[in-house]
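Residue numbers (this note's numbering), protein chains in the order written: chain A, 1 to 364; chain B, 1 to 103; chain C, 1 to 90.
Don't take every hint at face value.
Sample of chain B residues with no beta-carbon within 12 Å of chain A, all distances over it, derived [to be verified]: (1) 1; (2) 3; (3) 59; (4) 77; (5) 99.
Once the Cα atoms are required to be at most 20 Å apart in a straight line, the calculated SDA-like pairs of lysine to any residue come out as [unchecked claim]: (6) B:96 / C:24; (7) C:25 / B:28; (8) A:43 / C:25; (9) A:100 / A:42; (10) A:101 / A:47; (11) A:101 / C:82; (12) C:25 / A:50; (13) B:96 / C:23; (14) B:96 / C:50; (15) B:29 / C:81; (16) A:101 / C:52; (17) B:96 / C:82; (18) B:96 / C:22; (19) C:25 / B:95; (20) A:43 / C:22; (21) A:100 / C:23; (22) C:25 / B:93; (23) B:29 / C:25; (24) B:29 / C:23; (25) B:29 / C:83; (26) C:25 / A:41; (27) C:25 / A:45; (28) C:25 / A:47; (29) B:96 / C:79; (30) C:25 / B:25.
Source of the hints: derived by calculation from the structure; they are not laboratory data. Ideal Cβ positions, reconstructed from N, Cα and C, are used throughout, including at glycine.
Listed below are the residues making up each chain.
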Amino acid sequence: MLLCEQQTPRGLNQLPRKKTEMELAVNITLLLMLCATVFAVVKLQSLFAIVMLFGIYSLLSAMIFVALDAVDVAFTEAAVGAGISTVLMLATLVTTGRWKKKPERSGLLPLFVVTITGAALVWGTLDMPEYGNPANPAHHHVADRYIAESPTEIGIPNMVTSVLASYRGFDTLGEVIVVFTALVGVLSLLQVRRPRTFARKQDNRPDTHRRRPYPVLQVVALIMMPFIIVFALYVQFHGDFGPGGGFQAGVIFAVAFILYTLTYGLDDSLALTPLPALKILAAGGVIIYGGTGVVSMLLGGNFLDYNVLAANPVSGQHIGIIVIELGVGITVASVLITVFYAFVTRAERNRAGEKQVDLPNKAD
Amino acid sequence: MQIAVDLVSWLFLSMGMFLGLTGAYGILKFPDFYTRVHAASISDTLCTACFVIGLALQSGFNLVTAKLFMILILLWLTGPAASHALVRAANTAGLKPVTEKKD
Amino acid sequence: MFATAAAALLVIMCLALVRAFRGPKIYDRILAVNMFGTKTVLLIAVYGFMTGRPEFLDLGIFYALINFVGVIAALKFIERLDEYDEQEER
Numbered sequence: 001m002l003l004c005e006q007q008t009p010r011g012l013n014q015l016p017r018k019k020t021e022m023e024l025a026v027n028i029t030l031l032l033m034l035c036a037t038v039f040a041v042v043k044l045q046s047l048f049a050i051v052m053l054f055g056i057y058s059l060l061s062a063m064i065f066v067a068l069d070a071v072d073v074a075f076t077e078a079a080v081g082a083g084i085s086t087v088l089m090l091a092t093l094v095t096t097g098r099w100k101k102k103p104e105r106s107g108l109l110p111l112f113v114v115t116i117t118g119a120a121l122v123w124g125t126l127d128m129p130e131y132g133n134p135a136n137p138a139h140h141h142v143a144d145r146y147i148a149e150s151p152t153e154i155g156i157p158n159m160v161t162s163v164l165a166s167y168r169g170f171d172t173l174g175e176v177i178v179v180f181t182a183l184v185g186v187l188s189l190l191q192v193r194r195p196r197t198f199a200r201k202q203d204n205r206p207d208t209h210r211r212r213p214y215p216v217l218q219v220v221a222l223i224m225m226p227f228i229i230v231f232a233l234y235v236q237f238h239g240d241f242g243p244g245g246g247f248q249a250g251v252i253f254a255v256a257f258i259l260y261t262l263t264y265g266l267d268d269s270l271a272l273t274p275l276p277a278l279k280i281l282a283a284g285g286v287i288i289y290g291g292t293g294v295v296s297m298l299l300g301g302n303f304l305d306y307n308v309l310a311a312n313p314v315s316g317q318h319i320g321i322i323v324i325e326l327g328v329g330i331t332v333a334s335v336l337i338t339v340f341y342a343f344v345t346r347a348e349r350n351r352a353g354e355k356q357v358d359l360p361n362k363a364d
Numbered sequence: 001m002q003i004a005v006d007l008v009s010w011l012f013l014s015m016g017m018f019l020g021l022t023g024a025y026g027i028l029k030f031p032d033f034y035t036r037v038h039a040a041s042i043s044d045t046l047c048t049a050c051f052v053i054g055l056a057l058q059s060g061f062n063l064v065t066a067k068l069f070m071i072l073i074l075l076w077l078t079g080p081a082a083s084h085a086l087v088r089a090a091n092t093a094g095l096k097p098v099t100e101k102k103d
Numbered sequence: 001m002f003a004t005a006a007a008a009l010l011v012i013m014c015l016a017l018v019r020a021f022r023g024p025k026i027y028d029r030i031l032a033v034n035m036f037g038t039k040t041v042l043l044i045a046v047y048g049f050m051t052g053r054p055e056f057l058d059l060g061i062f063y064a065l066i067n068f069v070g071v072i073a074a075l076k077f078i079e080r081l082d083e084y085d086e087q088e089e090r
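Using the sequences and the hints, build the whole thing.
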């Protein structure tokens, strides 16, 4: 989502390969499954089922990105689409109810507008340069320079990271601020509740048969937590060499705590990651990123010009990239965890009275 | 030697394919949720193992193999746990298994 | 031979997709999504070997994680939803 525009080719040391027939067949099958999923989403009535299908949709599109060699994008798509959005949409459904509402007005006017817009867009594409032609202007605007110069200027193997973190450092700073603003927006609408202490927990209404914890899941979650966190650190600091970086690592970190919340409950999780600390971390990541820019200005360079951070410009670039990726990772992780807590807090409250009308027959 | 390794790896992969297809056929054809879980989860674990071993034999002893086995461990940990949780949730929600053949 | 394996995995994914479309219970769909995710992980591995660049297995590890967390989240939230529906029916 956030990184989608920056699809530089990852041809590190291999020349462009010709796709074999089998790869083509895989691509076509994946795209067909994607289309089928979309039609099923339109047709289904149960919103819960639709969210599950969105998960499949995300996995499929991530797989297509892998087939297109855009591994960093695939990583992000899986993290945001299949991971975080699914979880947040499910939490939302608890509040809003699980069935599609019957539309009150006829759909003819929207259909008309959509058809006209779609036709105009298709008509617009006719003027575009031939699809996939390597001579297209999009591939030669700045990409040539990045591909030619980044190994000597920045010197890290993953060109996507050098474009994201250094050449387009301003964009990425903007994206981090967008993530932070999203947190501010969510917290101004939804609260995260205080953790219940043990005594008050006892006073709470008795757990129903559904509320009993799943011991097997708790054990598995405990085994997996350290593994996930180490993996997040690997993705964070390996982003210079392979697919990954701050955004993806932040999401993986958040996933570890989301898993903990899901298996152990919000109280235990809030005790583990207190809300004030999360807020400070979310702002701190942005400050680390912006601060790197300020430091480079103080050292006599431009804002976010990492060349001045060390005696040698290339190692300056390395330091700058590692530091700002760390800032990105911290902000993304703490924002996602806090947003998830806010959604869970809302989902724990009873739904606001409104009874669902016009239930279709309960197949789900 | 290479031929032998290829042969064994091919054997594992086809075993994996067979198990996977069985599981998929099972979740399509079986009459109710519990039987479907049975078909999917049991075949899944061995299917994953066969695929991973088949691929590991092809790549030899390196980082790729290590990552493959990490995937295997992860799927072995999460797959059965997810199936267990799924069945338990369905059971507490009051989903009854189909015990008689419908006419 | 990797091509055959990839084809088999795609067939399995299609079958799981059919089950995810048909339902009928939400648990069937979650089961199908879980199976679909596992097979996507394997497909990434096989696809990497097929194209001769098996370096991207990090993605497979990550998909396995995400898939698990997604299934658990679905189960937990559907429990809560059922609980509300019961209260409303009363």
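So, going through the hints one by one against the coordinates:
1. The Cβ of residue 1 of chain B lies farther than 12 Å from every Cβ of chain A, with a closest approach of about 27 Å, so its non-interface assignment holds.
2. Residue 3 of chain B, annotated as away from the interface, keeps every beta carbon of chain A farther than 12 Å; the closest lies near 23 Å.
3. With a cut of 12 Å on Cβ distances, residue 59 of chain B stays outside the contact zone with chain A, its closest approach being about 16 Å.
4. For residue 77 of chain B, the condition that its CB be more than 12 Å from all CB atoms of chain A is violated, with the nearest at approximately 6 Å.
5. With a least CB separation of 21 Å from chain A, residue 99 of chain B remains clear of the 12 Å interface cut-off, as annotated.
6. Using a Cα cut-off of 20 Å, the hinted pair residue 96 of chain B and residue 24 of chain C holds, with the two alpha carbons roughly 14 Å apart.
7. Simply put, residue 25 of chain C and residue 28 of chain B have alpha-carbon atoms about 13 Å apart, close enough for the 20 Å limit, and the pair holds.
8. Note on residue 43 of chain A and residue 25 of chain C: the hinted pairing holds, with a Cα-Cα distance of about 16 Å set against a maximum of 20 Å.
9. Distance hint between residue 100 of chain A and residue 42 of chain A is fulfilled; the C-alpha atoms sit about 11 Å from each other, no more than 20 Å.
10. Taking the CA atoms of residue 101 of chain A and residue 47 of chain A, the gap is about 10 Å. The hint holds against a cut of 20 Å.
11. Restraint check for residue 101 of chain A and residue 82 of chain C: the C-alpha separation of about 18 Å stays at or below 20 Å, so the hint holds.
12. Restraint check for residue 25 of chain C and residue 50 of chain A: the C-alpha separation of about 13 Å stays at or below 20 Å, so the hint holds.
13. Between the alpha carbons of residue 96 of chain B and residue 23 of chain C the distance comes to roughly 16 Å, so the proposed pair stays at or under 20 Å and holds.
14. At most 20 Å may separate the alpha-carbon atoms for a hinted pair to count; residue 96 of chain B and residue 50 of chain C exceed this at roughly 44 Å.
15. Distance restraint check for residue 29 of chain B and residue 81 of chain C: the Cα-Cα separation of roughly 29 Å exceeds the 20 Å cut-off, and the hinted pair is therefore not satisfied.
16. Distance restraint check for residue 101 of chain A and residue 52 of chain C: the Cα-Cα separation of roughly 49 Å exceeds the 20 Å cut-off, and the hinted pair is therefore not satisfied.
17. Restraint check for residue 96 of chain B and residue 82 of chain C: satisfied, since their Cα atoms lie roughly 16 Å apart, inside the 20 Å limit.
18. Distance restraint check for residue 96 of chain B and residue 22 of chain C: the Cα-Cα separation of roughly 19 Å lies within the 20 Å cut-off, and the hinted pair is therefore satisfied.
19. A threshold of 20 Å between alpha carbons decides the hint, and for residue 25 of chain C with residue 95 of chain B the separation of about 9 Å falls inside it, so the pair holds.
20. With a C-alpha separation of about 11 Å, the suggested pair residue 43 of chain A and residue 22 of chain C falls inside the 20 Å cut-off, and the hint holds.
21. With a C-alpha separation of about 17 Å, the suggested pairing of residue 100 of chain A with residue 23 of chain C holds against the 20 Å cut-off.
22. In summary, the hint linking residue 25 of chain C to residue 93 of chain B is supported, as the alpha carbons are separated by about 11 Å, within the 20 Å threshold.
23. Restraint check for residue 29 of chain B and residue 25 of chain C: satisfied, since their Cα atoms lie roughly 15 Å apart, inside the 20 Å limit.
24. The suggested pairing of residue 29 of chain B with residue 23 of chain C holds, with an alpha-carbon distance near 12 Å, which does not exceed 20 Å.
25. A distance of roughly 31 Å separates the Cα atoms of residue 29 of chain B and residue 83 of chain C; the hinted pair therefore is violated under the 20 Å criterion.
26. With a CA separation close to 16 Å, the supplied pair residue 25 of chain C and residue 41 of chain A stays within the 20 Å bound.
27. A distance of roughly 13 Å separates the Cα atoms of residue 25 of chain C and residue 45 of chain A; the hinted pair therefore holds under the 20 Å criterion.
28. With a C-alpha separation of about 13 Å, the suggested pairing of residue 25 of chain C with residue 47 of chain A holds against the 20 Å cut-off.
29. At roughly 16 Å between alpha-carbon atoms, residue 96 of chain B and residue 79 of chain C fall within 20 Å of each other, so this suggested pair holds.
30. For the proposed pair residue 25 of chain C and residue 25 of chain B, the alpha carbon gap of about 18 Å is at most 20 Å, so the pair holds.
When each numbered hint is compared with the structure, violations occur for hints 4, 14, 15, 16 and 25.
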